[in-house]
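Order-wise, the sequence lines are chains A and B.
Heads up: the first sequence begins at 1 in my numbering, then just goes up one per residue.
Heads up: the second sequence begins at 219 in my numbering, then just goes up one per residue.
It is worth saying that the hints were derived from the structure and are not from the lab.
Since we're looking at a predicted model, the values are computed, not measured.
Some hints could be false.
[Unchecked claim] Within a straight-line C-alpha distance of at most 27 Å, the following computed DSS-like cross-link-like pairs (lysine-lysine) qualify: (1) LYS412(B) x LYS425(B); (2) LYS412(B) x LYS354(B); (3) LYS136(A) x LYS354(B); (4) LYS194(A) x LYS136(A); (5) LYS194(A) x LYS274(B).
[To be verified] Chain B side only, calculated, beta carbon under 8 Å to chain A, not exhaustive: (6) ALA278; (7) GLU293; (8) ALA296; (9) ARG304; (10) ALA315; (11) GLN322; (12) TYR326; (13) VAL368.
In this text, a Cβ means the ideal position worked out from N, Cα and C, and glycines have one as well.
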Amino acid sequence: MLTIYGVLRSRASRNVWLAHELGIPFRHVPVMQAYRLADPDAPDAPLHTRSAAFLRINPNGHIPSMEDDGLVLHESLAINLYLAKKHGGALAPANLAEDALMTMWSLWAATEAEPHTIQVLYHRVGYPPEQRDAAKADAAVAALRGPFAALDAALAESGFLVGGRFTVADLNVAEVIRYAQPAPELFDAAPHVKAWLAACHARPAFQRMMEERAKEPA
Amino acid sequence: MITLYGVHRSRALRNIWALEEMGLAYRLVPVIPAFRVPDPAAPGAPLNTRSPEFLKLNPAGSIPVLDDDGVVLSESLAINLWLSRRCGAPIGTNDLAESARFAQWTLYAATEIEPHSHAILMHRVQLPPDQRDEAKVAAAIAALRRPLAVLDAALAGDGHPVGGRFTVADIALAETLRYALPAPELFEAAPHVKAWLAACHARPAWKLITARREAEPAI
Numbered sequence: 001m002l003t004i005y006g007v008l009r010s011r012a013s014r015n016v017w018l019a020h021e022l023g024i025p026f027r028h029v030p031v032m033q034a035y036r037l038a039d040p041d042a043p044d045a046p047l048h049t050r051s052a053a054f055l056r057i058n059p060n061g062h063i064p065s066m067e068d069d070g071l072v073l074h075e076s077l078a079i080n081l082y083l084a085k086k087h088g089g090a091l092a093p094a095n096l097a098e099d100a101l102m103t104m105w106s107l108w109a110a111t112e113a114e115p116h117t118i119q120v121l122y123h124r125v126g127y128p129p130e131q132r133d134a135a136k137a138d139a140a141v142a143a144l145r146g147p148f149a150a151l152d153a154a155l156a157e158s159g160f161l162v163g164g165r166f167t168v169a170d171l172n173v174a175e176v177i178r179y180a181q182p183a184p185e186l187f188d189a190a191p192h193v194k195a196w197l198a199a200c201h202a203r204p205a206f207q208r209m210m211e212e213r214a215k216e217p218a
Numbered sequence: 219m220i221t222l223y224g225v226h227r228s229r230a231l232r233n234i235w236a237l238e239e240m241g242l243a244y245r246l247v248p249v250i251p252a253f254r255v256p257d258p259a260a261p262g263a264p265l266n267t268r269s270p271e272f273l274k275l276n277p278a279g280s281i282p283v284l285d286d287d288g289v290v291l292s293e294s295l296a297i298n299l300w301l302s303r304r305c306g307a308p309i310g311t312n313d314l315a316e317s318a319r320f321a322q323w324t325l326y327a328a329t330e331i332e333p334h335s336h337a338i339l340m341h342r343v344q345l346p347p348d349q350r351d352e353a354k355v356a357a358a359i360a361a362l363r364r365p366l367a368v369l370d371a372a373l374a375g376d377g378h379p380v381g382g383r384f385t386v387a388d389i390a391l392a393e394t395l396r397y398a399l400p401a402p403e404l405f406e407a408a409p410h411v412k413a414w415l416a417a418c419h420a421r422p423a424w425k426l427i428t429a430r431r432e433a434e435p436a437i
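Here chain A stands alone, though its shape is the one from the complex:
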């Protein structure tokens, strides 16, 4: 039985989206980020990323983590690559070459896109207004122009990243690119990215995850 640790208002969203896509049952343990709690050490505090019980699962104190028949795994994108391959089907690589490309796009998302997309989110939406720094948001948008052009070119042919179909590579990259949505200027300059992200977000499994996410306390 699969267990996913982490609230949906975190990178655990990508794992829950994938589990819904695969139609697999799982236990969801909504571990909360410690920094979101006023007093994480209070006796009645909910399970969080600095709780001793969770640090035994992931000593980094990061969400998400997963446990699947004894395999404990961290790193949201690695978790998705594993789950897709374990359960197979259209979302998973059909061969080793597709596996390599899906891994490449996941690392591309983690290294080329996410350090900047998260800054767009923080400094245009996530932080309280007095902590936002427009210059940091603008620098992140500038840094994303090249990656968005590369992604746009990759999507131009089939509308998907690997194999001409929606796969775990699209899901992993879409979840990283979602953080840049507060910068619509990036999407206006990359029409294939814009259409692809809209198609990803029209999928019933994504919408189900987002509905569940909206019910979580903010």
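Got chain A sorted already, so can you dock chain B onto it with the hints?
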């Protein structure tokens, strides 16, 4: 036939290390980072990351790139995970759970270690002294304390992050942590990491490729 585009003085080194550890035959095409070439667009300039013939292969203009009989990959750490699956044990693996743990440590190296270790390298060694910022080094060291403690605990068992043997997970971690060596205080606090990195660097394949790296022009 495996062709690797890049030079030893770049992130291609981690792929060269994996290829040598696996004993795979490969051709190395020395593509130099454009920022190291005085006039990368000049006629007669050495092949570099802004050369039109390289941009045809990788429009992003970054090295390394691997072409393995038509499978063309960028992202150095993804290339090593591909070589892991292609070659299998002992350096790689074909086991699903083990390959998932390789991917976990590889993504950890890319996201939790490399941004900070790279800042240490830049601001203690690579940038001209007047451009170095010791406050950035201090922030990077602070950010690396927990990852090094986690890795130290992971190595305390059998000396390796996965499978009790040297694998591509060791290469990913060792090559990203190497950039933090100009901050020896980090390693003093993590004795298993220090001993493990020394053991990685005592391997014959590492000695071979670093000798070649030293012989490579530093332009």
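We went through each hint and held it up to the structure:
no.	hint	result
1	LYS412(B) x LYS425(B)	18 Å, holds
2	LYS412(B) x LYS354(B)	23 Å, holds
3	LYS136(A) x LYS354(B)	16 Å, holds
4	LYS194(A) x LYS136(A)	23 Å, holds
5	LYS194(A) x LYS274(B)	25 Å, holds
6	ALA278	5 Å, holds
7	GLU293	4 Å, holds
8	ALA296	4 Å, holds
9	ARG304	7 Å, holds
10	ALA315	5 Å, holds
11	GLN322	4 Å, holds
12	TYR326	6 Å, holds
13	VAL368	5 Å, holds
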